[in-house]
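**Student:** Residue numbers (the UniProt record's numbering), protein chains in the order written: chain A, 1 to 231; chain B, 1 to 269.
The hints are simulated quantities; they were obtained by calculation from the structure and are not laboratory data.
A hint or two may mislead.
[Stated by the list, open to error] Some, not all, of what chain B presents toward chain A, calculated at C-beta under 10 Å:
1) V63
2) Q170
3) A180
[As the list claims (entries may be wrong)] Mimicking SDA-like on lysine to any residue, the simulated pairs with C-alpha atoms at most 20 Å apart in a straight line are:
4) B:K161 - A:T101
5) B:K198 - A:A133
6) B:K161 - A:A90
7) B:K161 - A:V185
8) B:K161 - A:H206
9) B:K161 - A:G184
[What the hints assert, rightly or not] Label pairs and their in silico Cβ distance ranges:
10) A:H82 - B:Q159: 47 to 57 Å
11) B:N68 - A:P84: 35 to 45 Å
12) A:L222 - B:N68: 47 to 57 Å
13) A:L65 - B:R246: 34 to 44 Å
14) B:S156 - A:C49: 23 to 33 Å
15) A:T57 - B:E194: 27 to 37 Å
16) B:E137 - A:A210: 15 to 25 Å
17) B:P253 - A:T57: 44 to 54 Å
Beta carbons: idealized from backbone N, C-alpha and C, even for Gly.
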Amino acid sequence: MSDAASTFLGLSAPLWQSLGLTLRLAACTTIILGVIGLPLARWLNRTRCRLAPILETFVTLPVVLPPTVIGFYLLLAFSPQHAPGSWWRAVVGLPLAFSFTGLVIASVIYSLPFAVQPFQAALRSVPHDLLDAGAASGASPWRVFLRLHIPLAWRGLLAGLTLGFAHTLGEFGVVLMIGGSIPGVTKVASIALYDEVQRLDYAQAHGLAAVLLAVSFILLFLVTLLQRRAR
Amino acid sequence: MLTFARRFAFFLATAAALAAADRVSVAAAANLVYALDALNAAFRATEPGTTVVVTTAASGNLVAQIRNGAPYDVFLSADLAYPRTLLTSGDAAAGTLTPFAVGRLVVWTMRPELDLGSVGVLMRNTAVHKVALAQPETAPYGRAAREALRKLEVWSEVQGKIVIGDSVSQAAQFVQSGNADCGFVALSLVVSPELTGKGRYLEVPLELYSPITEAAVLTTFGRENAAARRYLAFLVSPAAREIFTRFGYGIPPAGAVAPVAPPATSPAS
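The following block holds chain A by itself, in its conformation from the complex (with noise of 0.2 Å):
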């Protein structure tokens, strides 16, 4: 046959390319909720905002919200009759719909409470007194929070990470709604499970269930190794 030429390890090039977006689309995904989710947790923790309690909320629904709504909304938000939309397109030439950097928006917003409430426990978790004389010896707030904070937490905030990175790869709901299943763009391993199963092709779906399960499996393993040493 013409395919076995294409398969490795059973499965189909066009279903590897989706396995290998998805690990590109929870690598991006993850780098962002570091970037932006550490500051995000330590914020949350400290601040006496009186707003910090919607703030944080916000932060946390992706948890309860089915990625639908997600979904639905991107889609409004993306279109060219909205403001974010059609800015995109006024600047970029292209939707955001039906991009690689829709779907790292997308996955960022979905994933965050993953990263962040991990953040936030593993920061608490640091002794005061440490941190204050930290502080005490003269040294800035932020390199406190660089040399004492992160480093002390570190178990925690990995295992942040990791999770944000496994929900990333199990993303089904908010790619279908905003995703256009666009091989190498937006066709990521989910949706192209569902397709070999609309297309009664058991044994590829088969394949690339079982490399998601495996490789999911090892990932909250190895939350689980970072969260019982981190207590």
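Fit chain B to the known structure of chain A by using the hints.
**Tutor:** Then chain B, alone, in the frame of chain A:
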């Protein structure tokens, strides 16, 4: 306490009555979603007391569900291939294949400035960045769109612009939200009460794609359901044809209509 008991007894009686009433569970292709409201209302008018429960999704998706034991009595597919798959695999009752409508493909846009002169010209328009269609591998309207684009020899140019919806309804969603500049959808969707007057459409000439013959079949699960058999027969009745025509479908030629098997009460040998 007494009122509670009385209410509970009433509830039980109602539940029993509902269970006894005829019930048809219909799995239908996404393009049929609007016509089905009118169709089921007409069916219930001829059969008071019959409940019709509808699930709509992409045809391929419904086939996967039925093959895995989904409890649908009747399957309304967007093409002939899917019910045939079910007949071959033994998941549909032999002799019940019923073509009932012919789908028509249109290109639909919400952009007032786009020139809708012809499909070929529209596809080559540089102002068109994204073209939505239903998954060609599993959705008949997507397959028809791909066929038309290939016949027009613009497929290779358009390929980079294509975004794929899970079903024809989702392709329509991409167009309606304005995220796709235009898209290939069913005429039945754009002339529906919900979408009529929104955007503009251009019908894809029939010679550019093989006929999308929408066909129904009784599932093995629904084989014994007499109401489901009557529902199948109703799909090719004059009343149903009037509704399909009103909702933007053609009617299959007489020869294409396979006879509906007699009701389960007098089973065919």
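**Student:** Taking the earlier hints as the rules, which of them does this structure contradict?
**Tutor:** 5, 8, 10, 12, 14, 17
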